[in-house]
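J.: Following the hints, put chain B in place on chain A, whose structure we already have.
Chains as they are written, first to last, in this note's numbering: chain A, 17 to 891; chain B, 2 to 120.
Source of the hints: derived by calculation from the structure; they are not laboratory data.
Since this is a predicted model, take the numbers as computed values, not measurements.
In silico EDC-like links for lysine to aspartate or glutamate, alpha-carbon gap of 20 Å or less:
(1) K48(B) / E45(A)
(2) K33(A) / E70(B)
(3) K33(A) / D50(B)
(4) K71(A) / D50(B)
(5) K71(A) / E29(A)
(6) K25(A) / E70(B)
(7) K33(A) / E62(B)
(8) K48(B) / D58(A)
(9) K48(B) / E63(A)
(10) K33(A) / E75(B)
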Amino acid sequence: MRFPFWRRKRQEEELEKEIQSHLQMATRERTERGESSQQARDSARREIGNVGLVKDATRDIWGLRWLRDFAQDVRFGIRMLRGNPGFTAVAVLTLALGIGANAAIFSALYGVWLAPVPYPHGDRLVDISMKELTGDRFERGASFPDLADWKIQSTAFEGFGLHQFDHQTNVTAGGEADELTTHRVSANLFRVLGVSPVLGRGFSGDEDTSAGPRSALISYGYWLRRFGGDRGVLGQLITIDGEPYTVTGVMPPRFEFPTTAAESSPALWRSLNLPPNRLAARDNRSVDVVARLKSGVSAASAQTEMDHIVGRLANAYPKENGGWGVQVTPLNQTQQFAAVRPALLLLMAAAAFVLLIACVNIANLLLVRAAGREQEFAMRRALGASGLRLARQLLTETCLLSLAGGAAGVMLAFWALPALKTMMPASMPRVNAIRIDGTGLAFAVGMSLLTGLLFGVAPVWHAVHGRGFAVSRSSPRNRAARFLITAEVALALLLLADAGLLMESFQRASRVDFGFQREHVLTMKVELTHRAYSTGQRVEAFREELLRRASSVPGVLYAGTVSILPLGRLGGMLTFDVEGRRASAMYATVSTGYLRAMGIPLLRGRYFNENDHSGTAPVTIISQSLARRYWSDADSLGKRIQIDDVWFTIVGIVKDVRQDKPESEPAAEVYELTRQLPEKTQAGINGRYMVLVLRTVGQVGEISESPAGNAAILAAIRTAVAEIDKDQPVADVKTMEEWVQGKLAARRLNMQLLSVFAGLAVALAAVGVFGVVSYSVARRTREIGIRMALGARPFSVLAMVAKETLLLGLIGVGLGVAGTLATSRLLASFLYGVKPADPGIVIAVAAVLVGVVVASGLTPARRAMRVDPVVALRE
Amino acid sequence: MKERYQNRIELLQGTLDMLILQTLQWGPRHGYGLSQSIRTNSGEILKVDTGSLYPALHRLERAGWISAEWQVSEYNQRTRVYKLTPKGRKHLMNERSRWQQLIEAIAGIMNPAKKESEA
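So that you can see chain A by itself, here it is in the shape it has in the complex (with noise of 0.2 Å):
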């Protein structure tokens, strides 16, 4: 009759009621032999014994003695921290900041980086790139001839969906203009994905090709936004770019593709509706390859495969494929996903010292705690309790805490993650998915357990090898907790000195000269379509007439636009030819107003100006350090550079530009007027595509912006662009200081939350060494109490603890700058324009910490020097 443990209480009945037979019987034999039934009672019940110990014996039997024994230490471990409840406090706060602060940084970690990508089975979906084999090593998508190759030869793939980035279109729906990020996709791709639409159906199969029909799903967040959720939307015409479109469906909430971040994620998908010639050349490699491995192959298997067939197309058609292969990555691990792993690598460090630092003070503290539990071992050891049962009991007792500490730890992270989400930089992919789920919850439960047996092992060894301890100094327990803080000081330094850097080079960062004044600038982009703008007059006369009406709304003192904005898109290099030489350089395509808008300082020469149009001599400004490559500064002005057969005269010099980030290096430019450039210039993307710039009323140096004023000038310029063109939109509505914090998001985030590790770190270490003083002063009461009595001066006392106190914290600081000067440059990709090892930071964190040591040192010397010799000597 085997119990499992869940019925241990029938079990236990029958042992009961086995017993009672037993006893009833004996009494009956008893009275038979002639016995008063009291006295039969009586003796049966002295013979049979100890009932609960009959029973205890009986149980061991049955085994899962140490489910028991644990049901025991359980109780007894809840006890014990009921009894103390200042120190239970303390030590499950410490915990829960610290299991708090890593389960919220995994739960990032886990939902950017290690979640698969959310579709069913999202485990199973990789991406096929064509890479060049040598050169650039450039990858690409797949050619329509190739992927027929790859559909007919493989066996490792349930199906191949395409897609395209489309960026931004303007789209016309319900006679509203929108810029929209968009996407094109294969009629399979959202079966390949294994999602379905919410409403309405997918493709019908036939919309890859041009002759096919135009179709597009829409995102639910857009359908809500321009529809009002009508259900009527489906098979509306909408305008994507100018081209008619019909609304087939709209897709769930919340579904993404491609997984990126919420700021570029499409809000509708369209057709591929590809060209014949695109759909048969098999050097055109312009579609992106999403694949579904069969259940059970392995991406790896899948390469191996894809390899043989590459290396088999690539024979064939040399022409085409030569130098040409392929590379399978699962979903979750491209590009834009590997970008952001150091950063969260980094957090996730911290994060894990901040645990190690509480996991330190709470052995300390165990530790303190132990000594007034010392009887208590002893006694247990003397009735017979093994090393091991005692320290299983402790261990229990450490994870029970460790526990407690990892559910309040829990609580705040579900309580830290939302501000956590805002913080991301908004160039995070996948900050939706960042959740704490059962992954999460997991982890921090491992978390719990892991860190209470290590915070467990200390008080764990001095209880069971602990056999009365000398009331000295130098005891093992001291040393123990010596050690501990010393090792935490140097933690915690570490951190410091660790978010001291990233907190300088943030600041290093955020005052940079970009080369033009941030303040007081708006800015928005405007794209006009080909379809509608396709020469270069209308694109002109658009322009005209936009700045023309911007430059009249109140508050706004300088109006232009450029086709690549600072910090916005990035540029492409310009190749021109200067008295016969090659040079490239950046480059732009201005308006009159644009370097006077943006606030470029101009250096030498002069801005250009209404004189400087189509029917007049073309002129060019450059920047600085273009200037000094080729000539002098002064010489510059007035020579000519070549750009397309038409040569430009240099007119100024303005200081260079950051164009990209703060962190990149000010380069050299070049700036156009659109209204002197070719005709076919002006209708091309660099005519069509502008960014307006508004130089807004306010002092130079003021910071802060006036929402309401940009308000009103951005509403006054929404109603010139309807008037002009009823259809164009208008979007990115930022300041250039929006723009340059957008910049800077990632790097704040980092600085931010390493600062709240390292302040953590100390505040958990200034009350460590509180702590450890506060224990050592008081062992020493009657060491103390003697020397006062043999004349001692209550000032020598405080000297001698202070000194004591002191050279814990210099150890400690020493490990601590060591440790830094160690691992600092794995750090050096986040910092800007300080070294690994700043003295400066090293030096100021490491005065910092002894400062913090020696304070949380002075109440328990101060203590010390209060000790009445009479008191202490007569405990």
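T.: Same frame as chain A, but now just chain B:
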């Protein structure tokens, strides 16, 4: 206190198990009956401690050498009755021959003269 009980069980374990199995060979018995039988058959020398008996019964049951069921006794009382299983019978045979060997070996040491005279 608990520790002491455990020690005594360990001391008696091998023999007590064998005695229980042997007694059950003559027919099913409940715990009280078993202790009485062992006492009577040993001429009142072996008194089985209840604190050893029930753990031993439960241990033998776990090992599958005896089985138990609830029965109603002659006094119309529910008792738990133990019975030897075929597996237990086989185990008892082994134990007996082992016991026999042990007795002979000990006897050989205790009575060396007799052994020599035989040789």
